[in-house]
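Trainee: Note that my numbering gives residue 202 to position 202 of the sequence shown, counting from 1, and the numbers run on in steps of one.
Bear in mind the hints are in silico, worked out from the structure with no lab data behind them.
Built from N, CA and C at the ideal position, the CB exists for glycine as well.
Check before you lean on any hint, since a few could be wrong.
[Said to hold, decoys possible] Pairwise CB distance ranges, derived in the manner of DEER restraints: (1) D35 to K219: 50 to 60 Å; (2) S246 to G53: 39 to 49 Å; (3) D35 to K197: 43 to 53 Å; (4) E72 to E371: 19 to 29 Å; (5) K219 to P295: 47 to 57 Å; (6) K224 to E34: 44 to 54 Å; (7) G17 to I135: 44 to 54 Å; (8) A332 to P129: 40 to 50 Å; (9) S246 to I363: 21 to 31 Å; (10) F42 to D334: 48 to 58 Å.
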Amino acid sequence: MTKANVYFTDFHMPYGGDPLPVKLHKLMKKAGFEDIDMKGKFVAIKMHFGEKGNLAFLRPNYAKVVADYVKERGGKPFLTDCNTLYVGSRKNALEHLDTAYENGFNPLCTGCQTIIADGLKGTDEELLPVPNGEIIKEAKIGKALADADIIISLTHFKGHEMAGFGGAIKNVGMGGGSRAGKMEQHSDGKVQVDQSKCVGCGRCVGICAHGAPSITDHKSTIDKDKCVGCGRCLALCPTDAIAPMSWQAANVFNKKMAEYAAAIVNGKPQFHISLIVDVSPNCDCHAENDVPIVPDIGMLCSTDMVAIDQACADLVNAADPVKGSQLARNIAKDPEAAGHDDYFHITTPDSDWKTCLAHAEKIGMGTREYELIK
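The whole structure should be built from the sequences, with the hints applied where relevant.
Mentor: Put into structure tokens, the structure is as follows:
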């Protein structure tokens, strides 16, 4: 396979030079942004708005650069993400929008609308086929994202406790799944009820098309033989009493995530932007963020999401660890780890990012071979 082009620029700027938003615009242009016909098209800018309390997420200034450029090319941009599976400040569209606006992702700051792709309760989804899918045949994707004509990922590249890192594939694949889609990626699908949390409201009974839940003595139970793992009841439970019976191993999780990303971009123009800045050891889904594991590195653009993830990983692994970071502390505990070429595995030993990129390449999403054009 031919090497993919990945365009890179660092954050350095001489006194009196262009500000970083202008530098990003120039990088996007150089990487072929204007080759995409956007006139009259709905353009989804998929990004992470940050959990309330987390300050490592990308500044909305970068989102404005992308949105303004889309409008300049005649497109109709909107920022988007799907609701979260876990309990937090982005579990439903109302709280999600409150958090996004508080973090600066509102029309006044970004110049475009913010849409929660899977709707009010995380149940607005569309089933999209997975090209060459080995595990997932139909991905449950947020409706607004599925309806978009063009997909742009604007990614904060950082660590992740299970995926190893959060790059373009995770931003699109995991972030683009509805709540049921996220559960499918994280678990084997079937659910159970925590009786101590259940209030016997019966919403799970009303939403299930297969008769799996039932109420006895004001408590719900779910028949695992009838449960098909759709996640509808999980999305509607008001007390979060319903949860997956088991969670997937990291390698299966990463393969599913790649297949979800493949479903979202299949047959659509795509463009990927990743910023290696504030590289926190964990996801922006946390309500806090730790010291970055490496210094700020730069901005990257590509039309190949596999290549841009590989390039970002290589740049991080070539950097010096930040003193006092989780990465540096783990190296100090195990001096032999200092010679290891995988900072993400050192930071979170249970993670597995290489499986994701290998699987993404295998099913035809792109290539890990790239030329870094500075």
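Trainee: Does each hint fit the structure? Answer for all of them.
Mentor: Against the structure, the hints:
no., hint, verdict
1, D35 to K219: 50 to 60 Å, "holds, 58 Å"
2, S246 to G53: 39 to 49 Å, "violated, 29 Å"
3, D35 to K197: 43 to 53 Å, "holds, 51 Å"
4, E72 to E371: 19 to 29 Å, "holds, 28 Å"
5, K219 to P295: 47 to 57 Å, "holds, 52 Å"
6, K224 to E34: 44 to 54 Å, "holds, 53 Å"
7, G17 to I135: 44 to 54 Å, "holds, 47 Å"
8, A332 to P129: 40 to 50 Å, "holds, 48 Å"
9, S246 to I363: 21 to 31 Å, "holds, 25 Å"
10, F42 to D334: 48 to 58 Å, "holds, 49 Å"
Of the numbered hints given earlier, the model fails hint 2 alone.
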